[in-house]
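Engineer: Sequence:
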Amino acid sequence: MYDAGTDRVRGYTARVLYIIACGSPLARNVGRLVALAQDRGWNVCVVTTPDGRKFVDVPALAAQTTHPVRTNYKNPGDPDVLPPPDAIIVAPATVNTVNKWAAGIADTLALGLLVEGQGRGLPIVVMPYTNSAMAAHPVFRDNLTRLRGWG
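Numbering follows full-length UniProt numbering, in which position 47 of the sequence shown is assigned residue number 47; successive positions increment by one, without gaps.
Don't read these hints as lab results, they were simulated from the structure. Any given hint could be a false lead.
[Said to hold, decoys possible] Taking lysine to aspartate or glutamate and the EDC-like style, the derived pairs with C-alpha atoms no more than 16 Å apart in a straight line are:
1. Lys100 with Asp57
2. Lys74 with Asp107
3. Lys100 with Asp142
4. Lys100 with Glu116
[Stated by the list, open to error] Ranges between beta-carbon positions, derived for each pair:
5. Pro84 with Arg32: 22 to 28 Å
6. Pro25 with Arg148: 35 to 41 Å
7. Arg141 with Pro68: 16 to 22 Å
8. Gly41 with Asp142: 34 to 40 Å
Here the structure is a predicted model, which is why all the values come from computation and not from measurement. Glycine residues also receive a C-beta, built at the ideal position from the N, C-alpha and C atoms.
Construct all of the structure, not just a fragment, from the sequences and the given hints.
Structural biologist: Listed below in structure tokens is the structure:
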């Protein structure tokens, strides 16, 4: 269960950053992004897509952030184990995640957090990472434009 008092003891500020890592080899470097954010005073939590989890070192990220790395929705009645986010970074953001998010699909925890975060008006930074053929797909390009237009 998430306990704000424990975070205060750890020295965290009230600013909570969720880093969402999607299924891409670049996800292996998410620990570097965590360190950069922590150096700037953020309390960082990592969430992965199911395929993103295959690329990250879950125990190392949990130790680095002092929060569990989440991938799946919790069961009904289970307590939240992460503090609510003040901002979100999606890095790397795959074509699949960008397109589903723009369509409002929330079939994974990562997508649900993005759809909800968008609805709450949270600042969200998206760092797309794909090959040139997938990046050239018109739906992907249109969805990036759509997401930019939403703020």
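Engineer: All hints, please: hold or fail.
Structural biologist: Now the hints, each set against the structure:
As the CA atoms of lysine 100 and aspartate 57 are separated by approximately 25 Å, the hinted pair breaks the 16 Å bound. A distance of roughly 13 Å separates the Cα atoms of lysine 74 and aspartate 107; the hinted pair therefore holds under the 16 Å criterion. A hinted pair counts as satisfied when its Cα atoms are at most 16 Å apart, and lysine 100 with aspartate 142 qualifies at roughly 12 Å. Between lysine 100 and glutamate 116, the direct Cα distance comes to roughly 13 Å. Compliance with the 16 Å bound is thereby established for this hinted pair.
Between proline 84 and arginine 32 the beta carbon distance is about 25 Å. The supplied range of 22 to 28 Å therefore holds. The given range of 35 to 41 Å is broken by proline 25 and arginine 148, whose C-beta atoms sit roughly 25 Å from each other. Roughly 35 Å separates the CB atoms of arginine 141 and proline 68, a value that falls outside the hinted 16 to 22 Å. The hinted window of 34 to 40 Å between glycine 41 and aspartate 142 holds, with their beta carbons roughly 36 Å apart.
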